[in-house]
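With the hints as constraints, model all of the structure from the sequences given.
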Amino acid sequence: MRTTRIIRKLHKLTAGIVAVQVVLWMVSGLYMTSVPIDIVRGSHLVADKQSQYLPSANIKPMDDILLSNKEVMSIELRMMRDVPVYQLKTKTGREFLNAVSGKPLKPVTEIEAKQIAKTVYLGEGELIQANWISSDNAPAELGGRTLPVWQIQYDDFWQSTLYISAYNGEVSAARSNIWRIFDFLWMLHIMDYDEREDFNNPLVIFMASIGTLLTLSGVLMLLHAIRRQGWKFSA
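Just so we're aligned, residue 201 is where the sequence shown starts under my numbering, counting upward by one.
Hints are all accurate, no fakes.
Distance condition first, Cα-Cα at most 35 Å in a straight line; then the derived DSBU-like pairs of lysine-lysine:
1. 291 / 303
2. 306 / 289
3. 260 / 318
4. 303 / 318
5. 249 / 306
6. 289 / 260
7. 289 / 303
If you are wondering where the hints come from, they were derived from the structure by calculation, not from laboratory data.
Below is the structure:
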């Protein structure tokens with residue numbers, strides 16, 4: 201009898217702990233399923249990129265670029281900042297070369313970054329700050345995106361931020377408090393409190409397993425109580 205009481209107390213205590221996580225799963229799941237993913241990603245903040253005509257005249261042959269860059273894994277010709285550019289992927293990262301001169305593309309200046317942001321930003325806020333972001337001061341919300349970038353901050357309700365690549369002048373990411381809330385709840389949901397990426401981590405598997413065992417044991421305890429009381433269910 202005493203053993204049964206101890207088991208029940210442990211069951212209730214463990215259930216209380218698991219219940220907290222279950223509530224977090226429900227709240228985070230509700231938010232993540234209610235808010236459209238395009239809104240979370242900030243697609244509504246950035247104008248669609250218009251296709252640009254790629255001129256063929258005066259462009260250096262691709263073979264010449266490959267001969268002078270031995271470590272190239274892939275190469276792509278595209279328009280960037282109104283200039284034809286070769287985008288090279290190497291073992292050490294990405295390189296951007298002016299397709300006419302063959303010289304490295306100069307990084308986007310602060311003035312250029314602000315002008316690009318003014319062109320693509322669809323929100324209602326005012327630009328309040330532009331910051332140069334490199335590997336030394338990169339915020340976690342950038343993820344693994346190529347650096348450096350310009351961080352363009354706005355004073356709108358959701359504190360929107362655009363990240364503009366310092367090389368190609370394109371919007372690498374759009375963030376707002378909608379995304380930041382999503383990211384925080386995602387962390388609670390998958391229980392990865394460090395990288396916020398591993399949804400197969402041991403902690404979430406452990407909690408889910410304990411929750412399942414508690415449910416099954418609770419059902420067994422209920423059936424045991426019904427049998428002891430001699431309850432009968434009428435049809």
